[in-house]
Amino acid sequence: MSEERNIIVGIDLGTTNSLVAYMGSSMPVVIPGEDGSNLVPSVVALNSGEQDFVVGNQARKYLVETPERAVYSIKRLMGRGLEDVGEESKFFPFRLGENMNAGEILRIKLGDKEFTPPEISALILRQLKRNAERYFGKPVTQAVITVPAYFNDAQRQATKDAGRIAGLEVLRLVNEPTAASLAYGLDKNKEGIVAVYDLGGGTFDISILKLHEGIFEVIATNGDTHLGGDDIDNLLITIALDDIAGDMKLDLRRNGEAVQAIRKAVIDAKIELSTREKTTISVNLPGEKKYEREITRLQFEQLIEPIVQRTTGPCRQALADAGLTAEQIDEVVLVGGSTRIPRVRAMVQELFKREPHTEMNPDEVVAIGAAVQANILAGGSKATQDMLLLDVTPLSLGIEALGGVVAKIIHRNSTIPASATEHFTTGVEGQTNVAIHVLQGERELAKDCRSLARFDLKGIPPMPAGLPRIEVKFLIDANGILHVAAKEQRSGKEAEIEVKPTYGLTDDQVESMILESFDYAEEDFRQRQIVEARNEAENILLALEKGRRNLAWNQLNETERKEISIAEAELRQIKTGEDYRLMRDAIEKLNRITTHLAELMMDSAIGSALKGKDMGELHADGPAAPHPIAPAEIES
Amino acid sequence: MIFMAIETHIASPEKTAEDRPRCWSCGEPFAADPHFCSRCSKVQPPLAIDYFSFFGLTRKLNIDGAALEKEFYKLSRRLHPDLYVRATRQEQEWSLEKSSRLNDAYRTLKDPIARTQYLLSLEGVQLEEQSKTATDRARQTGEEKKQVVPPDLLEEVFELNIQLQELRMSDGKDPEVIAQLEEAKKNFDAKLQSLHWELKKLWDHWDQLWDGNTQNDNSERLRVRDQMVDLLNRRSYIRNLVRDVNEALKN
Chain A
5 MSEERNIIVG IDLGTTNSLV AYMGSSMPVV IPGEDGSNLV PSVVALNSGE
55 QDFVVGNQAR KYLVETPERA VYSIKRLMGR GLEDVGEESK FFPFRLGENM
105 NAGEILRIKL GDKEFTPPEI SALILRQLKR NAERYFGKPV TQAVITVPAY
155 FNDAQRQATK DAGRIAGLEV LRLVNEPTAA SLAYGLDKNK EGIVAVYDLG
205 GGTFDISILK LHEGIFEVIA TNGDTHLGGD DIDNLLITIA LDDIAGDMKL
255 DLRRNGEAVQ AIRKAVIDAK IELSTREKTT ISVNLPGEKK YEREITRLQF
305 EQLIEPIVQR TTGPCRQALA DAGLTAEQID EVVLVGGSTR IPRVRAMVQE
355 LFKREPHTEM NPDEVVAIGA AVQANILAGG SKATQDMLLL DVTPLSLGIE
405 ALGGVVAKII HRNSTIPASA TEHFTTGVEG QTNVAIHVLQ GERELAKDCR
455 SLARFDLKGI PPMPAGLPRI EVKFLIDANG ILHVAAKEQR SGKEAEIEVK
505 PTYGLTDDQV ESMILESFDY AEEDFRQRQI VEARNEAENI LLALEKGRRN
555 LAWNQLNETE RKEISIAEAE LRQIKTGEDY RLMRDAIEKL NRITTHLAEL
605 MMDSAIGSAL KGKDMGELHA DGPAAPHPIA PAEIES
Chain B
112 MIFMAIETHI ASPEKTAEDR PRCWSCGEPF AADPHFCSRC SKVQPPLAID
162 YFSFFGLTRK LNIDGAALEK EFYKLSRRLH PDLYVRATRQ EQEWSLEKSS
212 RLNDAYRTLK DPIARTQYLL SLEGVQLEEQ SKTATDRARQ TGEEKKQVVP
262 PDLLEEVFEL NIQLQELRMS DGKDPEVIAQ LEEAKKNFDA KLQSLHWELK
312 KLWDHWDQLW DGNTQNDNSE RLRVRDQMVD LLNRRSYIRN LVRDVNEALK
362 N
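Chains A and B are the protein sequences, given in the same order.
If you read the first sequence in our numbering, its first letter stands for residue 5, the second for the next number, and so on.
If you read the second sequence in our numbering, its first letter stands for residue 112, the second for the next number, and so on.
Read the hints as simulated data drawn from the structure, not as lab findings.
Take the hints with a grain of salt, since some may be wrong.
What the hints assert, rightly or not - Here are the simulated DSBU-like cross-link-like pairs (lysine-lysine), alpha carbons at most 35 Å apart as the crow flies:
#1 A/Lys412 with B/Lys302
#2 A/Lys477 with B/Lys311
#3 A/Lys451 with B/Lys361
#4 A/Lys282 with A/Lys253
#5 B/Lys185 with A/Lys491
#6 B/Lys221 with B/Lys296
#7 A/Lys566 with A/Lys593
#8 A/Lys412 with B/Lys312
#9 A/Lys462 with A/Lys477
#10 A/Lys477 with B/Lys171
#11 A/Lys357 with B/Lys181
#12 B/Lys153 with A/Lys214
#13 A/Lys477 with B/Lys296
#14 A/Lys491 with A/Lys477
#15 B/Lys296 with A/Lys357
#16 A/Lys214 with B/Lys185
#17 A/Lys593 with B/Lys361
#18 A/Lys462 with A/Lys451
#19 B/Lys181 with A/Lys477
Claimed, not checked - Every beta carbon over 12 Å from chain B, so not counted as near; a handful from chain A, in silico:
#20 Gly107
#21 Thr283
#22 Gln313
#23 Met606
Glycine residues also receive a C-beta, built at the ideal position from the N, C-alpha and C atoms.
Work out the full structure: start from the sequences and follow the hints.
So this is what it looks like as structure tokens:
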């Protein structure tokens, strides 16, 4: 990493898990959290005092214990309105805010407080930001964040807002399958046509790209922002609930805790069935009861077949839009946790008539790709200097014309940035306002498309009907977000635009959320760094004490033992102070000096396989080792 | 969605005392390149130029697709907003404006029909406006939009309409009618193919006129232009017929 550059991290803000990654001058790496886990479960909870937020693995226990204070899969609600969530609320035990109206942004209740989806996502982003700051030992304020390729304008804007609320400048939103292709292409230096099949926790995307001399040109994309592993879980939950209602005469549909316990059990079973032929869904129910049901992989596959089949339509459409047949695809890359399911892999193979690539970690590849894009934005490195991403807009942009018909002005799969200029006029003499309704979608009628915004062109000089000529420019930027500008051409007067965004936050609202929720002063950052460095120091000192009692200690020579003792005394001294940089240096030094001891300990304990690890890595409670609390089990 | 200030609209470069545009950054007078300064390589403000000029092309219709793609990639590597993240706000806006125009231009020029339509619009034909006015009028009066049947197709269109009606009456099952429609479709597809050859001939003619002395050939150019308009109208008429047949056969 070159020092003069700002650190730009890549973030995969997932439905189930989120990750942060960074690419310096060498290969990209995923940055682990304090618990050593690369995956931060996208779960947010309010603690019992309702004062502090808990995010990630630590929040997961609240899902079962106090589901009314925890929320997960918030990504499904980003950029959505009340009328979209009817179907969701059957399975998602989130509670809507009081007095919600159609057309306004959703509010979710956590305890007695209400939050919008961007605020909840911001808490996840803040956690990732902190993980990165801990890793670099300095503030991180710029990021590239990935979104499903099929996200519409409102969902993208909501993601960008979340970044801003978390104190991150979002330099680019990158489509998830495209990010995956960057990671894939970086690794292989490939040329040709690549299809990326991305089935995650809540969303499905298919993108077809042409890779040529470092240019990653998306030719077509398609998907479903409501299709993923969650749907499989819900299917299994429904069966379990029906079983329990039928056999045990126990209706648990309204019991949040029980539903969460069942959810965890079916997810475990789902994951097991990727490697085993059969498993048992097993869960303890209220009143000392236990539900158990054996399920074979065959049964599971029959059950999920309709869900798997729902991905084929978008794949065929993307191929048709790209003007390609399945035979013309050179490589297929799998992304997203749900592509671990053997039936999904088999289906992809049938569809594209070739074996898909599975060598990349489907949970991490999107974050890695985001880091690659971040590196490109930061000015590039040797590995990325010729790389350029040309993405497309997934949905057609249109305006409502007479009779509720949509006139398309920018077609889907147009390379972005893309623009269109339209002219409007008045219908009545002296008319000073023209209302414009902007929509996104492929259907013919406005009522079947997604409403992005309605706006009024105001301040048109009074003229006979049909005489004013108002030029409106629509521009979709490289993030897939729409910008609009208008001008009355005869008078040269700039028409004033008044917007009513659909399901969005206004700039002022976002601004107030930043001020309300976070205080990102330097001091705050410093304090956190001190606490974290101190914890790390405690850990390594504790590990060293254990090392002294180990036989390996006696195998060290006198000089080594003396050096270690000096470094230890230094660290003990420094950690009582306030300088976290000194602490980090002292930790680093002690780590280096104890490398030999660590090796000896490992040799005696585990054998020689783990040579080269230092004390920090060896000690089970150390920062880079797995946390005693098991890492994410929920599949993304 | 974001609402941007109008200032990002196509600006004209700073005029100097000699009325020659110069680089905003280093002051070098412009060379042929409409996008970058020949001395300091900095991106220049967007110019009100057509898609052909954007690619440094003349208004000719035969375009080498591979060369166009190569130029598109080359310009993308220099204009894309990814390259301006650390540049000034002004340069970022120009990059956004210019790369959107680059993409719009490439999308239009790489497609033979879109390219022809675009050229015709540059030559003063308002294809889109015509059809838009017709559509609006049709909506207001509640009538179906009427397209003038090209006279030489009258007989075939008449026959086709009878076949489509027969298919509807047989609930889409009469194998004889289906065979007739398949045959009609083949016939129309062949017509479309030959239209493409005709269009290619008109392109060649247009390009020759462009290379020659344009002043003397102005009336000839107008003639070729109007022939292209006719041809595109015929094409869109036949395509609609094919679409109707496809829909009828699908059901």
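Evaluated hints:
A distance of roughly 28 Å separates the Cα atoms of lysine 412 of chain A and lysine 302 of chain B; the hinted pair therefore holds under the 35 Å criterion. Between lysine 477 of chain A and lysine 311 of chain B the CA atoms are separated by roughly 34 Å; this keeps the pair inside 35 Å, and the hint holds. For the proposed pair lysine 451 of chain A and lysine 361 of chain B, the alpha carbon gap of about 26 Å is at most 35 Å, so the pair holds. About 27 Å separates the Cα atoms of lysine 282 of chain A and lysine 253 of chain A, which keeps this hinted pair within 35 Å; it holds.
With a C-alpha separation of about 33 Å, the suggested pairing of lysine 185 of chain B with lysine 491 of chain A holds against the 35 Å cut-off. This hinted pair checks out: lysine 221 of chain B and lysine 296 of chain B have alpha carbons roughly 27 Å apart, not beyond 35 Å. With a CA separation close to 14 Å, the supplied pair lysine 566 of chain A and lysine 593 of chain A stays within the 35 Å bound. Among the hinted pairs, lysine 412 of chain A with lysine 312 of chain B is consistent with the structure: their alpha-carbon atoms are about 32 Å apart, no more than 35 Å.
Restraint check for lysine 462 of chain A and lysine 477 of chain A: satisfied, since their Cα atoms lie roughly 15 Å apart, inside the 35 Å limit. Annotation: proposed proximity of lysine 477 of chain A to lysine 171 of chain B holds, straight-line Cα distance about 28 Å (limit 35 Å). This hinted pair checks out: lysine 357 of chain A and lysine 181 of chain B have alpha carbons roughly 31 Å apart, not beyond 35 Å. Between the alpha carbons of lysine 153 of chain B and lysine 214 of chain A the distance comes to roughly 29 Å, so the proposed pair stays at or under 35 Å and holds.
Taking the CA atoms of lysine 477 of chain A and lysine 296 of chain B, the gap is near 40 Å; set against the 35 Å cutoff, the hint is violated. For the suggested pair lysine 491 of chain A and lysine 477 of chain A, the alpha carbons sit about 9 Å apart, so the restraint of at most 35 Å is met. Between the alpha carbons of lysine 296 of chain B and lysine 357 of chain A the distance comes to roughly 31 Å, so the proposed pair stays at or under 35 Å and holds. Only pairs whose Cα atoms come within 35 Å are accepted, and lysine 214 of chain A paired with lysine 185 of chain B is accepted, the gap being roughly 16 Å.
Our distance criterion of 35 Å between C-alpha atoms is broken by lysine 593 of chain A and lysine 361 of chain B, whose separation comes to about 74 Å. About 25 Å separates the Cα atoms of lysine 462 of chain A and lysine 451 of chain A, which keeps this hinted pair within 35 Å; it holds. Pair hint lysine 181 of chain B plus lysine 477 of chain A holds up; C-alpha atoms about 28 Å apart against a cutoff of 35 Å. Non-interface call for glycine 107 of chain A relative to chain B: holds, since the shortest CB-CB distance, roughly 15 Å, exceeds 12 Å.
The beta carbon of threonine 283 of chain A sits about 44 Å from the closest Cβ of chain B, which is more than 12 Å, so the claim that it is off the interface holds. For glutamine 313 of chain A, the shortest C-beta to C-beta distance to chain B comes to about 20 Å, beyond the 12 Å cut-off, and the non-interface label holds. Listed as a non-interface residue, methionine 606 of chain A keeps its Cβ farther than 12 Å from every Cβ of chain B; the least gap is roughly 44 Å.
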